[in-house]
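Going down the list, the sequences are from chains A, B and C. Using my numbering, the first residue of the first sequence is number 65, and each one after it goes up by one. Using my numbering, the first residue of the second sequence is number 35, and each one after it goes up by one. Using my numbering, the first residue of the third sequence is number 2, and each one after it goes up by one.
No lab work stands behind these hints: they were computed from the structure. Just so we're clear, the structure is a prediction, and the values are computed from it rather than from any experiment. Be aware that one or more of the hints could be misleading.
Part of the chain B face toward chain C, derived, beta carbon under 7 Å [said to hold, decoys possible]:
no., residue
1, Leu634
2, Tyr638
3, Ala644
All C-beta atoms, glycine included, are put in the ideal place defined by N, C-alpha and C.
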Amino acid sequence: MTDWYMLLAAALFTIGAMGILVRRNALVMFMCVELMLNAVNLTLVSAGRALGSLDGQLATFFVLVVAAAEVVIGLAIIVAIFRHRDTASVDELSELKG
Amino acid sequence: MSDFLWLVIALPLAGALFLHFFGRYLREPLAGVFATLAIGAAFVVAVVAAVPFFAGTGEAEHLVIWEWMPAVGATFELQWDPLSALMTLVVTGVGTLIHLFAIGYMHGDERFHRFFTYLNLFAASMLTLVLAGNYAMLFIGWELVGLCSYLLIGFWFTRPSAAAAAKKAFVVNRIGDLGFLIGLMVMFATFGTLSFEGVLGRAATELTVGTATAIGLLFLVGAAGKSAQVPLYVWLPDAMEGPTPVSALIHAATMVTAGVYVVARSSPIYVESPIASGTVAVIGAITALWAASIAIGQRDIKKVLAYSTVSQLGYMFMGVGATAYVAGVFHLMTHAFFKALLFLGAGSVIHAMSDEQDMYKMGGLAKRMPITATTMGIATLAIAGIPPLAGFWSKDEILGALFERGGIYSALWVVGLIGALMTAFYMTRQWVLVFAGRPRWDEGVEPHESPAVMTLPLMALAVLSVVAGFVNTPFRFTLEHFLEPAFHGVEMQHAPEGWGMFLVLAGLSTLAGVAGVAAGWLAYNRPPEVWRRFQEGFGRLWTAWEQAYRIDDLYGAVVVAPGRRLAEFSAFQFDQKVVDGAVNGVGALVYRLGSALRMLQTGYVRNYGAGFAAGLLVVAIWLVVRGMS
Amino acid sequence: MTVEVVIFVLMGLTALGGAITVVMARNPVYSGLGLLGTMLSLAVIYVSQLAHFVAAIQVIVYAGAVMTLFLFVIMMIGVDVAEDTAENLPRQRLVVGVLAAAVVGFAVYLGVSQGFDWVPAASGEPVAEATNGTVQAIGERLFSTWVLAFEATALLLTVAAAGAIALAYFRRRRAVRE
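Chain A extracted, bound-state conformation (with noise of 0.2 Å):
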């Protein structure tokens, strides 16, 4: 049964990480890294239960945490870009090219 966590976990995640690398509106982008912090949180919780300790539920609390303290800075930088420059694409912040 934890296989099948596992791969759920697997399947969300790599999900997750196309859509980072398809997408270009920083808000969609931003979702799909909570989506993969989604996928870590599921295994540590399937992986946590198949060792018989509640370890991985307290990790997942963690990440929970930090997750939201990253939403809370990384959506100001957002807004904060939006507010300069009147756009969410991504694509248009290349000016630091060679």
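On the provided structure of chain A, position chains B and C as indicated by the hints.
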């Protein structure tokens, strides 16, 4: 006992440092007075420290100031023995008088304080050289005096000739320094130390003749550079571009004697090697004759004295080369007095003649400048070897030692006699051209006697030029006994004993001196047309003398021109094409590589993300596969 | 067919559907709703795995606070900005496709070869009692073994709050000055 000896070096050094930083805030004479007081105080300290030697109770001392590199015997230590005491007294004593003179001479120069900064720095360097307790420290002083010499020759660096002369002096000295440095390396390889005690004390027992010859000859290269001997003398005549007090202090009285001092100091090495000693003597003899002949033909008042200095240094080399070290050092001392006097007198004349240096445009100055004329006359007679003046005793002792040594040295004695004749002749020629006869001045030149600050040193040096010879006469060998401890255990050559030989030899050299003076007087105390015809009578020989045998042209063609071509090749061919080519090639390579790689830097975060994901995938696959096995 | 399997299949499909919606939807609001669906599905899966506390905060923090924040920003930046789905970076789609194919291929390979343990130390059936993630069990461990990390999260959140204020507030002040 003489723990305070470091003050001798520290006082002028402190003076130089003070003047360097605060000199420009001092009004004109003040900087000079300050510098004079600094070196004068050093003289007083030296006298106090030397009292035990005068009393005959002093013993050589080693004063370690600071352990620098004890493993190689290179500590900051001072050697205080009669030899260094004598050198110190000469340097500080003559130096004080010349500092005093310079206050008057440099009047009105806009870099007045800077001049005295350099003079004090030079005094400190020279004292480091003579007081050094080991060869490493001696070498430091040796190089420092070279630096000061460079700074002072080029003091009026806005004149291209002065800048070129300074450069020439520095480069020629460098050739000598290389020999000296290699000599020091050989010495260190042999003894494992550079301290005087370690080297000179063991020289008699541990040194092979071959090594002694090698060290001796290498030291001779250095000494020939510093003391302006053939073939490295060419820088000294050009050094006359410096202010005249500099010529007096550095290029006559003190620095150029450093080579003589080193040979005398290294006497335990030289006595082991007859070849090295003989080479020193022969070089000295060649130089004495060569420079004396050039001096005859010069018309620049300072050039005569410059070649005269080279010639007299040749005498000193003859003396120390014949292992008559006391005689050589004795001549060093007396020469310091009368040559400083001659230079200062020449400075006084130049000052009076509004910077005219051509003797053909002087004449009849004795009436206008009685003190300068009298004192310079005394110095002229002293250097000509007229008894009982100082030069007679010291030169006669060298010649006596050469004669007594016999063999090849007898030939050198003859050379010395001829040189003495020539010396007397050209010095008399100079005095007569400058002071006697009718004035041949340019329009508007109004000579006047120099101020007291300049004549006082002249008079003091004139007194010394008279009496200094009496410290070592065949009647009383005071100097010989004084220096005895410094040359302890060294077998030395002396003048022949017994009244008969002395009278014959002294008579011969007196005869040479008197003949020279008489010839000079008869030839030049006449109207200009007459002595011009007399000079032309020599034909091409005179031209050769006047042009100093065109040695500079020879060196220019043989040494300087190929060096310049090599430098030009290195600069414009090798450096620009090969070295720069390699550098530019590397730059171009990096540039191309960067141009290619910057295509990766798109600025699109999603491109970077793709690379990141690809790398992550590879690492993950590798980890998983490794865990499967 | 236990209950857990049924829940897993249902909720797993919902989660995958939500995830695909996040990536595919042209309007960010739909993306947000897809993400909300995935999170709620995962919360259900957590409950079936006895992770009650995690499920609760998944709903409260993620589906509640974070998603609200997301929607708030979406509304602020512009709801009607439908994104053009055409790719404008050359070869980006190709690279992504290759990467996705590689991941899927590797997963299939792992499944076929049977040589890989997802959780190596797992032995037998999971022990329900040991992993019963009640609030009490989690709290006991959180305030004993993990207390230091817990304190650190407090610091982290404070810094994050301060950072957000800085980003929003100081920029505005400079803009006023200009």
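Status of each hint after checking the structure:
1. Here the hint on Leu634 of chain B is broken, as its CB sits about 13 Å from the closest CB of chain C, past 7 Å.
2. Contact between Tyr638 of chain B and chain C, as hinted, is supported at the beta carbon level, the nearest pair being about 6 Å apart and thus within 7 Å.
3. For Ala644 of chain B, the suggested interface contact is upheld, since its CB lies about 5 Å from the closest CB of chain C, less than 7 Å.
Checked against the numbered hints given earlier, the structure breaks only hint 1 and satisfies all the rest.
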